[in-house]
Amino acid sequence: MGSRASVRGERLGERTQGEEAGEPMGESGEGVEEVTRMYAPSPLEMGPLRQGYLSLPVESGNNKAANMSRSPRQPQEELTQADICGMLREELCQGNDFLKSYTHIFIILGASGDLAKKKIYPTIWWLYRDGLLPDDTYVVGYARSQLTVADIRKQSQPYLKATPEEEQKLNDFFARNSYISGKYDDQASFERLNAHLNALHNGDKANRLFYLALPPSVYEHVTANIRHTCMSTVGWNRVIVEKPFGKDLESSNKLSNHISGLFREDQIYRIDHYLGKEMVQNLMVLRFGNRIFGPIWNRDNVACVILTFKEPFGTEGRGGYFDEFGIIRDVMQNHLLQMLCLVAMEKPASTNSDDVRDEKVKVLKCISEAKPENVVLGQYVGDPSGQGEAQKGYLDDPTVPAGSTTPTFAAAVLYVDNERWDGVPFVLRCGKALNERKAEVRLQFREVPGDIFQRQCKRNELVIRVQPNEAVYTKMMTKKPGMFFNPEESELDLTYGNRYKGVKLPDAYERLILDVFCGSQMHFVRSDELREAWRIFTPLLHKIETEKSKPISYRYGSRGPKEADELMKEVGFQYEGTYRWVNPHKL
1 MGSRASVRGE RLGERTQGEE AGEPMGESGE GVEEVTRMYA PSPLEMGPLR QGYLSLPVES
61 GNNKAANMSR SPRQPQEELT QADICGMLRE ELCQGNDFLK SYTHIFIILG ASGDLAKKKI
121 YPTIWWLYRD GLLPDDTYVV GYARSQLTVA DIRKQSQPYL KATPEEEQKL NDFFARNSYI
181 SGKYDDQASF ERLNAHLNAL HNGDKANRLF YLALPPSVYE HVTANIRHTC MSTVGWNRVI
241 VEKPFGKDLE SSNKLSNHIS GLFREDQIYR IDHYLGKEMV QNLMVLRFGN RIFGPIWNRD
301 NVACVILTFK EPFGTEGRGG YFDEFGIIRD VMQNHLLQML CLVAMEKPAS TNSDDVRDEK
361 VKVLKCISEA KPENVVLGQY VGDPSGQGEA QKGYLDDPTV PAGSTTPTFA AAVLYVDNER
421 WDGVPFVLRC GKALNERKAE VRLQFREVPG DIFQRQCKRN ELVIRVQPNE AVYTKMMTKK
481 PGMFFNPEES ELDLTYGNRY KGVKLPDAYE RLILDVFCGS QMHFVRSDEL REAWRIFTPL
541 LHKIETEKSK PISYRYGSRG PKEADELMKE VGFQYEGTYR WVNPHKL
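Just so you know, we're using full-length UniProt numbering here: the sequence shown kicks off at 1 and counts up by one.
Be a bit skeptical, because a hint or two may be false.
Stated by the list, open to error - The calculated lysine to aspartate or glutamate pairs, modelled on EDC-like cross-linking and capped at a C-alpha distance of 20 Å, are:
hint : residue 1 : residue 2
1    : 161       : 172
2    : 562       : 576
3    : 118       : 166
4    : 183       : 114
5    : 247       : 369
6    : 154       : 165
7    : 347       : 422
8    : 169       : 135
Claimed, not checked - If you anchor each label on the Cβ, the simulated ranges turn out as follows:
hint : residue 1 : residue 2 : range
9    : 159       : 546       : 36 to 44 Å
10   : 563       : 265       : 40 to 48 Å
11   : 485       : 552       : 44 to 52 Å
12   : 264       : 469       : 35 to 43 Å
13   : 469       : 220       : 40 to 48 Å
Keep in mind that the hints were calculated from the coordinates and are not lab data.
All residues carry an ideal CB built from backbone N, CA and C; glycine is no exception.
Input sequences plus hints: build the corresponding full structure.
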């Protein structure tokens, strides 16, 4: 009892900082530990799950795989890491030719930059460490800086998370690395890069993955040079492109037309790392793998959908880059809109990449352009009572132009004009320097018709929390425990940290880069999908930049502008803010 109460207290602190949108403040009740033990997979089933990747049992004649269905009392043979990797590849590849060539070369263009050292090199190392890369894989860095592999290792070291026991494996990993210096707009530099690739073991026949960890200003030069000088003539070629994919519809179309003139669509991987998040990927399984949600997932039952992305920090001296794009381009037009698609789309014909993306495009085509009257824009100012960065406003950042009107907060209401969602508001909220770190999807359902409880019942909600502390929970009404008969708001809570103890959830980049190796484009953005996303927001963005209206000020560390809450209320969202978990044993 006491220990559970203390755990609950810690969780309560994690979940309730700046409670908003009716977010619950505790777990679902006593007995969570007993339920976890009762329904947890057997220890041998948990073995592969702890690797954090295998999601589906693979049936085959393999005795090791068959052992997973035996009773825990029977002797069982442990799955090896090779077995697990084989199962994973079978699941992910979906019939694609994973090993068209047995040699793979992962080329990082922009290898000296922040993205490379903080995300890409660590991700490739983790995949190598866990045995998820093809055996004969090489990593080649390319940038303008004069560096060595030792320099790359030193820069990446703080982000690799390697233990002392992994030191030898880390040495082996960097032994498969090399680095070439060259210009991005110089064909001769890329010819030298290609000669280096060919000189690697089976390099002339290798499958090649090119990761563009570069500013968009050099995309055209780099992609043209890759196409004309560095393509494998035997293995496959794949190009990973980082956002931003343009600044508006016109620039995005120009970039897409350029890249599609060089590569086929099945060679282009436009990466939005949010599509690699565990709970974002879980949306499809929740929706289409559970019968209970099908009948209620529509305008007859859903009152509104809230999609939230909150960061507790400001630009912290990096506002110059942010000021060029703003919060709508940085978060709303991509991360939040992608989550909206997964919530609103119809069931695809299969989990094939194009079947899924076809349905996402259909949803986007049903969304009208964002209307200024349905948008609230904000810009944070310093909190005089705060400490450190919290005392500084956006305009106090020395890299931000004086008098900038770039919004650091935005709330927008969109409508999906189809039979399923007609009239249901989808509210997208995102911002910097807010009261907490949080990303979630929240469906609020309509009231129960024929109320017999004297208006004591609150609306049900289904919440998928993407970060932090991944969870799925429903807010619902139950009888107040004990001698009472009044309804009380409670929750059914699937918090991953409690249910799947010890399971490693892969970083978003791990899953997405592995998808590229496997040839799965399900979690990448297609060109027509990108075009529709920009269509929705480009008129609004042009209006904001033309009129340069001053955004509403909000204090660093607050919930954002109060006008955003008023907008949500206007479109039908109900927030009582009254929910508190009460231990019935202390009544």
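Checked hints:
Our distance criterion of 20 Å between C-alpha atoms is met by residue 161 and residue 172, whose separation comes to about 16 Å. Of the supplied pair hints, the one linking residue 562 and residue 576 holds, its CA atoms being roughly 15 Å apart against a limit of 20 Å. With a C-alpha separation of about 19 Å, the suggested pair residue 118 and residue 166 falls inside the 20 Å cut-off, and the hint holds. Our distance criterion of 20 Å between C-alpha atoms is met by residue 183 and residue 114, whose separation comes to about 18 Å.
A distance of roughly 16 Å separates the Cα atoms of residue 247 and residue 369; the hinted pair therefore holds under the 20 Å criterion. Distance hint between residue 154 and residue 165 is fulfilled; the C-alpha atoms sit about 18 Å from each other, no more than 20 Å. Simply put, residue 347 and residue 422 have alpha-carbon atoms about 17 Å apart, close enough for the 20 Å limit, and the pair holds. Between residue 169 and residue 135 the alpha-carbon distance is near 13 Å, which keeps this suggested pair within the 20 Å criterion.
Look at residue 159 against residue 546: about 41 Å separates their beta carbons, and that is inside 36 to 44 Å. At about 41 Å, the CB distance of residue 563 to residue 265 agrees with the hint of 40 to 48 Å. Residue 485 and residue 552 have their C-beta atoms about 45 Å apart, which keeps the hinted 44 to 52 Å range intact. Restraint check, residue 264 to residue 469: a C-beta distance of roughly 40 Å satisfies the suggested window 35 to 43 Å.
Between residue 469 and residue 220 the CB atoms are about 41 Å apart, so this pair conforms to the stated range of 40 to 48 Å.
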